[in-house]
Amino acid sequence: GAGVSQSPRYKVAKRGQDVALRCDPISGHVSLFWYQQALGQGPEFLTYFQNEAQLDKSGLPSDRFFAERPEGSVSTLKIQRTQQEDSAVYLCASSSGGGRYGQPQHFGDGTRLSIL
Amino acid sequence: GNSVTQMEGPVTLSEEAFLTINCTYTATGYPSLFWYVQYPGEGLQLLLKATKADDKGSNKGFEATYRKETTSFHLEKGSVQVSDSAVYFCALSNTGKLIFGQGTTLQVKP
Chain A
1 GAGVSQSPRY KVAKRGQDVA LRCDPISGHV SLFWYQQALG QGPEFLTYFQ NEAQLDKSGL
61 PSDRFFAERP EGSVSTLKIQ RTQQEDSAVY LCASSSGGGR YGQPQHFGDG TRLSIL
Chain B
1 GNSVTQMEGP VTLSEEAFLT INCTYTATGY PSLFWYVQYP GEGLQLLLKA TKADDKGSNK
61 GFEATYRKET TSFHLEKGSV QVSDSAVYFC ALSNTGKLIF GQGTTLQVKP
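Chains A and B, in that order, give the protein sequences. Everything in the first sequence is counted per this note's numbering, starting at 1 for the first residue and increasing by one. Everything in the second sequence is counted per this note's numbering, starting at 1 for the first residue and increasing by one.
Hints were generated in silico from the structure; no laboratory data involved. Every residue, glycine too, gets a C-beta built ideally from N, C-alpha and C. Heads up, some of the hints might be wrong.
Claimed, not checked - Partial list, derived from the structure: chain A residues whose beta carbon lies under 7 angstroms from chain B: (1) P43; (2) F65; (3) F66; (4) P70; (5) E71; (6) P104; (7) G108.
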């Protein structure tokens, strides 16, 4: 069975451009999470969906960051007017639980975003 | 707030040595605790977990015990192999989202 799939694997953009990162979770997984991982650091939470509802967006660093999951499956993380500090690996994870904290999360390989 | 602190790396060991990677946490309530591993060129994988005090998580020879009294979840392995070389992340969850430590790089030399 397929795991969590993220695309593109690598994205290079010029400062000020908009980017869109895609996540395909494991089929049937209710919960979907986005994390940001800076070089040499642990992942940091950005936002959480349960089905199509965005239940927590407390980790989004600014209003330039926007995430959606319109049909409760594929999710897109969009960053507008990118800045150099947005350079990081963006990780997507899904889990079968409804956000209960004991459920393990399955991670994709991430999208490495570089802003020039 | 909730947080996780791991010992700084890199940790360099010879093959068959004993491994301990320390992890302590601060959290409200009763979080679940996890160890994730990231092998070179691969994504994060769940290594083991524990959901309540005194639980022991184990997998692939690795173990960690949820110690509420010391707020710790130290990772141990009796005999490491070269193939265990990776970055190890301790994490907690009490609201669904994961809160990670900064990661500890393990290098095992033959």
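Hint check results:
no. : hint : verdict
1   : P43  : holds (5 angstroms)
2   : F65  : violated (16 angstroms)
3   : F66  : violated (18 angstroms)
4   : P70  : violated (21 angstroms)
5   : E71  : violated (21 angstroms)
6   : P104 : holds (5 angstroms)
7   : G108 : holds (6 angstroms)
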